[in-house]
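Asks: The chain contents come next:
Number of protein chains: 2
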Amino acid sequence: MARRVDPHERRELLADALMRLAAERGLEAVSLRHVAAEAGVSTGMVQHYFRTKDEMMTFALGMVMDRIRRRSQALSVPATPRELVRGLLLQVLPLDETRRLENHVVLAFLAYAAVKPALASGLRESAAEMRTFLADQLRAAGADGVGHEQAAAGLLALVDGLGLQLLSRQYADEDAVAALDAQLALLFGRR
Amino acid sequence: MARRVDPHERRELLADALMRLAAERGLEAVSLRHVAAEAGVSTGMVQHYFRTKDEMMTFALGMVMDRIRRRSQALSVPATPRELVRGLLLQVLPLDETRRLENHVVLAFLAYAAVKPALASGLRESAAEMRTFLADQLRAAGADGVGHEQAAAGLLALVDGLGLQLLSRQYADEDAVAALDAQLALLFGRR
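The listed protein sequences correspond, in order, to chains A and B. Each residue of the first sequence is one higher than the one before, counting from 1 in UniProt numbering. Each residue of the second sequence is one higher than the one before, counting from 1 in UniProt numbering.
Hint data in this document are derived by calculation from the structure and do not stem from the laboratory. Warning: the hint list may mix true and false statements.
[Unchecked claim] Partial selection, computed: residues in chain A whose CB lies under 10 Å from chain B: (1) Arg25; (2) Pro117; (3) Gly147.
Where a beta carbon is used, it is the ideal one built from N, C-alpha and C, also for glycine.
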């Protein structure tokens with residue numbers, strides 16, 4: 001009956017369990033033991049794949065970023081820079097259950113990284129990568145009126161802020177999409 | 001020796017202790033007992049002023065919002081709408097130790113409210129108030145090119161996102177201010 005376990009797949013299963021728990025009760029309250037119970041495995045098994053909770057959180061964050069990237073690439077049939085940007089950013093916003101779960105993890109991770117600076121480097125890299133992508137698209141679209149790097153930084157911040165507001169129920173989904181579209185119109189023009 | 005204790009002042013002292021602890025270790029790990037130890041009072045004393053941690057967090061959040069409001073009002077010598085907006089938003093961003101502490105609390109509160117929806121109503125109100133103020137200033141400045149409500153929502157989201165990025169050390173202070181200024185230039189024009 002024993003089947004070969006793909007270690008990456010197993011890590012993803014555990015990270016998914018962590019994400020469900022984080023969405024329910026926040027990350028700080030979650031231990032490796034909780035994750036084991038949620039995933040239906042032993043604590044020793046969890047420790048085999050992740051030595052610490054921080055290691056598991058870092059892995060979960062990378063997994064979320066990969067999924068966002070993959071989903072937005074799946075959408076990118078030949079598209080204009082503006083469509084590419086909108087497609088990516090809509091994949092980031094918590095507009096369905098999957099993305100809400102992902103946003104919970106990112107938010108919990110950010111709150112955690114704010115008090116544990118050593119954890120911030122993974123975040124820094126994926127944010128920088130995202131910013132570069134956005135600036136490239138703005139450049140490709142010939143967007144003007146503002147520097148591309150600053151516009152990209154502002155756009156990413158706007159989406160991070162909208163995600164935060166949606167997650168803490170300050171704001172309705174459609175209002176968040178409208179605010180994003182207004183910003184895209186400002187940056188890319190009304191075309 | 002006993003002096004009359006101003007209950008509001010006492011609450012602020014306790015909320016300040018909560019904020020210091022939240023900045024050090026995150027909110028979820030903090031109990032009323034920790035706050036008592038940090039403030040140098042008994043747990044019973046803390047419980048006299050706050051029945052629950054949620055009650056204390058709600059109070060601390062309101063206190064932070066009041067302080068931001070007061071600081072930005074102190075700056076508002078006769079100013080243009082754009083200067084008013086910039087002054088307020090710079091008071092929100094974590095650009096010095098005080099504001100970093102405040103942002104820690106707000107972020108921790110947001111992460112907590114994301115899993116405890118009942119806490120979100122205070123947040124919703126202060127965000128709505130802020131958005132109305134920003135929309136009014138955009139209208140007063142005759143900003144055009146985008147609806148004032150949506151532009152205000154986007155601007156607040158951008159500042160929330162920049163705050164998040166600064167706090168989790170993804171971004172340098174001066175880059176965040178430059179991204180804010182680029183957005184103000186987009187909305188208010190280059191004047």
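Asks: Give a verdict on every hint.
Replies: Each hint tested on the structure:
1. Arg25: Cβ of Arg25 of chain A sits 6 Å from chain B, so the hint holds.
2. Pro117: Holds - the Cβ of Pro117 of chain A comes within 10 Å of chain B, reaching about 6 Å at its closest.
3. Gly147: 6 Å, holds
Checked against the numbered hints listed earlier, the structure breaks none of them; every hint is satisfied.
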